[in-house]
Amino acid sequence: MSGEFEPKIVGFLCNWCSYAGADKAGTAQSPYPPNVSIVKVMCSGRVDPQFVMAAFDKGADGVIMLACHPGDCHYTEGNLRALGRHRMLLRLLEQLGIEKERCVMDYVSAGESEKFVKVINDTVRAVRELGPFRPFSSHSGK
Amino acid sequence: MRIGVYLCNCGGNIKDKIDAEKVRAGVLGLPGVGYFKAVDFLCSEGGKDFLAGDLKTERPDRVVIAACTPREHENTFMKILASSGINPYLMQMVNVREQIAWVTEDKAMATEKAARLISAALRRVSLHEPLSKREIDVCPDVLVIGAGPAGLKAALSMAESGRRVSIVEKSPVIGGMPVRYEELFPSMECGPCMLEPVLSEVLHGEHSENIELLTLSEAVGVIGSYGNFTVKIKKRPRYIDAEKCIGCAECIGVCPASAENEFNYGMNERKAIYVPFAGALPNIPSIDETVCLRLKGKECSLCLDACPVEGAIRFDEKEQTIERNAGAVIVATGSGLYDCKKIPNLGYGRLSDVYTGAEFERMLSSNGPTEGNIKTSKGKSPKSVAIMHCVGSLDKNHIEYCSGICCQYAFKFNHLLGKKLPGVRIFHFYKELAVPGKEEFELYAHAKGDPNTTFIRYADITDLKVGSKGGKKAILFKKSAKKSDSVSVDMVVLCPAVVPLPDSAKLGGILGSPADRFGFFEELHGRLDASQSKIKGIYLAGACQSPMDIQSAMTQGMAVSGYVLSGLVHGRKLEISPVCAVVDPEKCSGCRVCVSVCPYKAISYDPEKETAAVNDVLCQGCGTCVAACPSGAIKGNHFTTEEIMAEIEGILR
Ligand code: FES
Chain A
1 MSGEFEPKIV
11 GFLCNWCSYA
21 GADKAGTAQS
31 PYPPNVSIVK
41 VMCSGRVDPQ
51 FVMAAFDKGA
61 DGVIMLACHP
71 GDCHYTEGNL
81 RALGRHRMLL
91 RLLEQLGIEK
101 ERCVMDYVSA
111 GESEKFVKVI
121 NDTVRAVREL
131 GPFRPFSSHS
141 GK
Chain B
143 MRIGVYLCNC
153 GGNIKDKIDA
163 EKVRAGVLGL
173 PGVGYFKAVD
183 FLCSEGGKDF
193 LAGDLKTERP
203 DRVVIAACTP
213 REHENTFMKI
223 LASSGINPYL
233 MQMVNVREQI
243 AWVTEDKAMA
253 TEKAARLISA
263 ALRRVSLHEP
273 LSKREIDVCP
283 DVLVIGAGPA
293 GLKAALSMAE
303 SGRRVSIVEK
313 SPVIGGMPVR
323 YEELFPSMEC
333 GPCMLEPVLS
343 EVLHGEHSEN
353 IELLTLSEAV
363 GVIGSYGNFT
373 VKIKKRPRYI
383 DAEKCIGCAE
393 CIGVCPASAE
403 NEFNYGMNER
413 KAIYVPFAGA
423 LPNIPSIDET
433 VCLRLKGKEC
443 SLCLDACPVE
453 GAIRFDEKEQ
463 TIERNAGAVI
473 VATGSGLYDC
483 KKIPNLGYGR
493 LSDVYTGAEF
503 ERMLSSNGPT
513 EGNIKTSKGK
523 SPKSVAIMHC
533 VGSLDKNHIE
543 YCSGICCQYA
553 FKFNHLLGKK
563 LPGVRIFHFY
573 KELAVPGKEE
583 FELYAHAKGD
593 PNTTFIRYAD
603 ITDLKVGSKG
613 GKKAILFKKS
623 AKKSDSVSVD
633 MVVLCPAVVP
643 LPDSAKLGGI
653 LGSPADRFGF
663 FEELHGRLDA
673 SQSKIKGIYL
683 AGACQSPMDI
693 QSAMTQGMAV
703 SGYVLSGLVH
713 GRKLEISPVC
723 AVVDPEKCSG
733 CRVCVSVCPY
743 KAISYDPEKE
753 TAAVNDVLCQ
763 GCGTCVAACP
773 SGAIKGNHFT
783 TEEIMAEIEG
793 ILR
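Protein chains in written order, with our numbering: chain A, 1 to 142; chain B, 143 to 795.
Possibly wrong hints are sitting among the right ones.
Below, a list of computed lysine-lysine pairs in the BS3-like style, where the Cα atoms sit at most 25 Å apart [stated by the list, open to error]: (1) Lys561(B) with Lys580(B); (2) Lys118(A) with Lys249(B); (3) Lys164(B) with Lys8(A); (4) Lys561(B) with Lys8(A).
Don't read these hints as lab results, they were simulated from the structure.
Extracted from the complex, chain B is given alone in its bound form (with noise of 0.2 Å):
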């Protein structure tokens, strides 16, 4: 084995610090050296071409570089060796600037401990073994899961680009939360109006023929990994033809059988054959088979009979289990709202006309319940209302964090009241106001600015007690440590915390993508990487990855289609980096302990054979598994434990 060593003076950064005569008389002689050379600049123009050239004239077995910290230029002097026709895992680099020369005082000790740093080095990579990328064909194809805005972005922009895009909604319709609220914050947009270009484009726009739009369906099951998924849906019936329902809704007005209708959160009721909203798209019914008589085997044929197109409703439609392939999945849910029944002391659920800000939002929606009129129970419209902040949230018996969008709606709330209810009285009962952004603070002030609307801070949520008192809310809470007082009203909104959806666990176990402590996907990084999940290839769009407003979720949307486009390109190999976990099946005992220690699900076990095995495509070379297992049978490529136990014993010649 000939070894070339290459020592950089960088200026003098390393010069004035380790004297290169020293270091070459220390180096030659050792085992396998052949060369040593001392450069001025090695990642330079001028000394990257020396390199390059000296490389191919001298052809070493391996390379050892003394230089700066690998973290700057490792990847430099790595293409420069396979550019030289030499393999570049046969390369070490010695950070003799940042950990020698800059920080050392003596010279003398400077030297000497760049010499010995570089004999560990050689020592570790004689033992380096040539390693290549592997590249895996990828299904460019992308699976969207939930048709909300983070989802619909998604879709739109990779379905844009020229990709196939499946999108899988649980509900008949899509569009999420926002299609359900009359306006928005901060600036009052119309809800539906806002999202419709959207909507409109996924359903038939321009690109609409590369979008794949399954309503009524769930993710059942994912095998595979990043670049090629399958992933198995199951598709509940819908009981009409989709490609024939002309949309005229002849068949609604004959239903004999009717439910609650949940989109409103059972305000009122909907038919067994029904558009969950007016406007609702797409503008195709569905048929509830709990509640359709024909469907429970009694005899009703009014639908059919009212129907003017023949064989747009089918009875025998059945559920389906289909599968879709992909390279990326993109998981855009949404979220939930906490429990307003697990505080008590506030009334929902036992009091009528206590709403939660949602309920509220539908009684606000021209589409809704009420049609847009702000009505109490008893059919009049209230004098005062009063909204609660902080439902459950920034509280460690609840939810500790804060949400960051209820105090945007309850300002909403409060303009809308002040618009369609002239006079009336507004109480803000909160614990802490946020109001982040360059147009959000324009509703709160607003509030803040109106007569007829009262701030009241309370310190904690038990301080408020609802009550009902000759027809009213009578809400009491403490002013200070001692005294009480109450205020009485005709309704009361609640603004629970934002939480993950109950059913967001059971998705993400069968996408084995973990969550968070708080229960939402869990991203790879907060900051750096909050589109991505822990698992390569499963993306996190809108509020299924935190509390978030729709111009995040939006921006989620275009962020997770920025890293399915960039990483799976039509026609690009996917690279696979060889530095990954390798299991021995010959010494495997199949403890499984390298299963439980992995953070990426990259190693599987293999019940037949008895082994795991490690699939590279989700590895991420951290070496936890390779540490861990008992047998030594699992091999860290280029750390394996050869070649770290060499470096030691080179340090410590």
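Isolated chain A (complex conformation) (with noise of 0.2 Å):
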């Protein structure tokens, strides 16, 4: 590592779109950063907002959420319970002073490899922007 920031960004993936996305995005040899751990989940409507905040508290710098595009989802509609989660999420972030940048939500079907390393490149290049994400405790007071 060129000694440049690296964060560590947390995504949370469904299984049947946008994990098979970034599968195919393997096949297809597009390299990526390395920055992003892939957490599988059955459909994006099991992410659980305290997933979100355990990433950012054990020290992620940012997290993203991917599900399958709005009326494909495997489970017919678990992705839009996780943007009702995502949009939640992003105001209990400002809340708490946290960059909405870091916490990224987006729909990549399983074709889509292009966008889902778009998304991973996007990402990587905000968080790294901002820096490192300074846990919770030193938020406090401000």
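Please dock the two separately framed chains into a single complex, following the hints provided.
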């Protein structure tokens, strides 16, 4: 590593579309930075807001939630729940003084390996620019 | 705890980017790790044999396999674990090929990431619980709702393979819509003749003893789930003993009471004791209690006196509620037509000689109200007819979609009009034309080439105004933005959009099967599983799911029988995946948030215990309820909060 700040990002990907989209980026051998570690869930609807908060608490500099496109969720509407929870998370993060760019939600289909790579690149770049995330404790009193 | 870690080199695919020795150094010594082995091709026959043997020798408590994507070989490895006597859910895969080796340029970084994700998997797998599939007994019998082409085809193919099928049909007759059509597109086959073999197979074919036909019946309640439904059926009385009646129709002629014949859209009358149209099957009359004098309390026994069979007419029959058990329910209730009165400028219901396509079909039918003669309300043969396509269709003010069948029957009308009334002038008013398929173009080509046929395209249905002028219908239409023109015809036939039946929402409610945005029964997936509803074990066949022609309805009838025959097998138990949600009643506060978020109606609320419970037969394991539960009372098996948290910690160690 070049000495540049390397953000740690946790990516929650649903099994059916976005995880498959990430696999496709692999099959296509499209390189992207290794900063995002993927946690597979069956559906984005499984992503409990506390997972996101825990990730920040445990030292993540950013979180990505990827879901099937609206209307394409394997379980009908889990992605809509995820969207609602993401909105709620953004409000919460704002209250805590955490930049919203650190918590990204997007839709990636099983075919969209290029979009997947772009989301990864954009998020890694944005979080790198923001710099390391300071743990919650240091935000108190802000 | 002793965890075995296997890293697949996948030839050079993984090895070139991930240094197994460095991973070994990083992994050995982590809590729980018993051993680390790098293998060349774990999914090859040799690799699988090695794994099976090694698991038997090493006997690890948990297994981590770092290899390709779990979407490729998770099942392969789970099977090997099971065959080696280890619970298959005690394994976690790490996707080091697709998501690391193939996408990370720097070898050191790839190796570091692999080690980190393996450590996350180690933490996660140490929390895994042994899970097993639950098996339940199933009822292989099937209930079909609707006796049109789709329902009958489904019933017949299942009966042929030995399944017992109950068909619930609302009307007194079977065959659905096409038995009312004299000729069918695209090849001008006679509808009743084409369906006759299917109908007679159902009624008295080789496998008809497997089929129970319940006419004048409706499903009014359903309990249970896939594999074991109990359906409550309301059966209205026919007042005729189907076993005894010989179908001679002596009773009909003598009956003094009559009413509008709804099977002919009120274009003629029928008796109180009636068969809706000649050739209707089963060939047994029924008595309309709202019309029959005797059933309304008056003195009359004319039909009884005329009937040559003792006891065939049964005025003492009562409405019954019966129950049937079925492993699966097939909905095949068909569709309806858009109400043309909602487009008042077309004159339907206001002007004489303006018909819907369905009414015109009856007029064309030799067993219809005019015995197949096309006559205006004045009893004359029309010299000119306008056929309006896209009535209500492709219109954001009415119905947004194209029904896909109307053009085809419109061109069939074109052909039949020309045949029955040589020289008749025909005007097709259309918005768009749709005639897909390898046979369907012929009727269109025929109409196109007919010198008596004119095509007039309109932009919006409101551009057409149908009025009455000197006994004719004057149709005013826009020729261009500024210019109008008109034609004058003797008869107008409207081709309305195909829409859900008005009572399909009610049936959907009873079955718990949701409607799509148009009101059709919603399919599980538009292309992959169009014949499956959102509710497991409830299948959709025919136009209740989407507008469709007879061919597609028949195909769906076959498709649903495929689901049933492969999914519900006599003597084979139904395997229920353990990857589902489980409610802890101790923690559940009874708030019912989970009930509202579950897309599969798999969660129910028990008002007595004041807790929610998950039906694992219906649960698909998405975990939406787990994330939604404010009390943390729902566990998502194999994706528990603790397991996912452990994985997050491992990643961020
Ligand atoms: S399965 Fe992808 S968002 Fe639900």
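**Prompt:** Hints broken by the structure, by number, lowest first?
**Reply:** Going through the list in order, the structure violates hint 4 alone and respects the others.
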